[in-house]
Amino acid sequence: MSDQFLFTTEVFFNGLMAGVLYALVALGFVLIYKASGIFNYAQGVMALFAAMTLVGIMEGQVPFSHIINAMFGTDVHHFGWHVPALLAILLTVGVMVIFAWLVQRVVMRHLVGQEPIILFMATIGLAYFLEGFSDLMWGSEIKKLDVGLPQGGSFWIEDMTAGLGSDNFYGFFIDRLDIVATVIAVLLVAGLVLFAQYTKQGRAMRAVADDHQAALSVGISLNFIWVLVWSVAGFVALVAGIVWGTKSGVQFSLSLIALKALPVLMLGGFTSIPGAIVGGLIIGVGEKLFEFAIGPMVGGATENWFAYVLALLFLVFRPQGLFGEKIIERV
Amino acid sequence: MFYREAGDFKVSYEQDSQTFPIKFDRYRYYFVLLIAFLVIPFTINDYWASAILLPFLIYSIAAIGLNILVGYCGQVSLGTGGFMAVGAYACYKLMTAFPEVSMFIHVLLAGGVTGVVCVLFGLPSLRIKGFYLAVATLAAQFFLVWLFNRVPWFYNYSASGQINAPEREAFGILITGPNAPAWATYLFCLIFLAFCALVARNLTRGMVGRSWMAIRDMDIAAEIIGVNPLKAKLTAFAVSGFFIGISGALFFALYLGAVEVGEAFGITKSFQVLFMVIIGGLGSIFGSFAGAAFLVLLPVILKVVGVDVLGWPTDIVAHFQLVIVGALIVFFLIVEPHGLAQLWRVAKEKLRLWPFPH
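Chains as they are written, first to last, in our numbering: chain A, 150 to 480; chain B, 3 to 360.
Be careful, since some hints might not be right.
What the hints assert, rightly or not - A partial selection of chain A residues facing chain B, derived with a Cβ cut-off under 7 Å: (1) V225; (2) V256; (3) I266; (4) G281; (5) M415.
Please keep in mind that the hints were generated in silico from the structure rather than gathered at the bench.
The beta carbon of each residue, even a glycine, is placed where N, CA and C say it ideally should be.
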């Protein structure tokens, strides 16, 4: 096998791994969109908030310490304890559930029946709010997140594949974190599907997604389901936040992964969970291969826009995305 | 009492179809124009010009442009930052290529170039609708910013990758560069704003505007009654692009002076202008002004209160600003989804009947 082919294969694999991470974020969008018709722009910021809360709880940071210090002239930073990762994750899930309840109670309940664009704007407002709030609460400096996920290149894969090419080829470099992330994503999707298919709440969730009024008429509480959906989305955000936060540190740019997930959604269709995964993989592989093959010719950093342009061109031919429900328009 | 149609007799078609049919409205409009053109230029100073007035004028133009697209034609666009960048770079290329030509021509041409680009990115809107279109316009945002960052021709091969506005004149008065007097830059922007508002106002009450609104309300129904969706959507994109391009050119040449594209015209700019439109009121020219004023003033006020009065560190105040802007947006959407313009409309309606309730 030629080196060029092997390098391309390596890029392909890395693209697949990146695609899994995109799909992880896109999943949260799809869940909320299906159940309530809300296009939740705040999903990325929710991931940031979840990751920051997790770090804050693990490190025993004092919430709002910056404001407290500024207002009272004190100097508090940490409680001085360290919470084990598992307990901290559980506590963070609790925080995300409270957040979901608050969102439903304070914001979304008052906006039922508004146009989709208004709901979308509301989530952008929510994103701004949450971004400022999490900075106020935990401070805006870059934090290191370590919940015990393995990191760094896998030497085993590198050694195994080094013999495939010539002397210039040192084997595939694949981050162990990416492999773990893939496993987590598969588990998460399987768990979500099982939850939606076989539990009472899951069925109720699907019923609401199908038809709000019909679900109401058979006695399903919309309020409860929406809180549930936002909580599940918060949980997905936490998982995405842990993976991305471990990879590149917990910082503001984490919230920008929402922007990475949008073309994935367009490609896969807003309403389809398999679509989110397949779309994520296509975009991940596509943008890595494009950057590898064409990027150097046009100045690099094509990853910023490639996904969008790909999705745009794709949509011109199939306006509902790959797996989206067929759009039927009536007067 | 004074805000009435009654007693204001229209005896010709011109009078019947004027922009402000109510006398009080009309005089208020002339009064505002008078103050803006004849009083403020003589009392302006550098701080007011650069902190409040210039951004207000420029953002108003952008907001009017976006309002035409989102509020009147119903095509949600998140690419405003990218289109403003097109205006800025077009203006820059024109300024450096033809130094002796008046800035007026440059800014107008920059608007025209942006209109063309905007139409190009608007073409998919014929197939793609709703959220899919909103996300598709992000393609324009990211692609254009990347283009201006990576292709050296656009920034004339300067080492820093920035573009800097050289000193240029209009009618023999220095307009751009650090030595331009505040009143001149203010008046220059004001003329463009007045022009844009006038054009927008008249377009939206004419045939073009009505076809936009028909498309917004339900595009299939509009198509059936004979509105050409291709024409309506693309004219909306073109006009909107023209205004946004003008605002981008002014933003770069008169307000900032030096621009690094990712920073000045990033995605936050798109959202900022969109918020102005939403908070001000979709489908309202007055709303565009109100929204722009609101979002320009809010950070200034918060900064004065937070940093100067309370003495908090600037980063905390900046975070508070995000929280407050976010909360206000949600609040406005809950309380009044039609924005500040709706409050204004309600107030006018009350005034018309006052002091009698019916």
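* Unmet hints by their number, sorted upward, for this structure -> Those not satisfied come down to hint 1.
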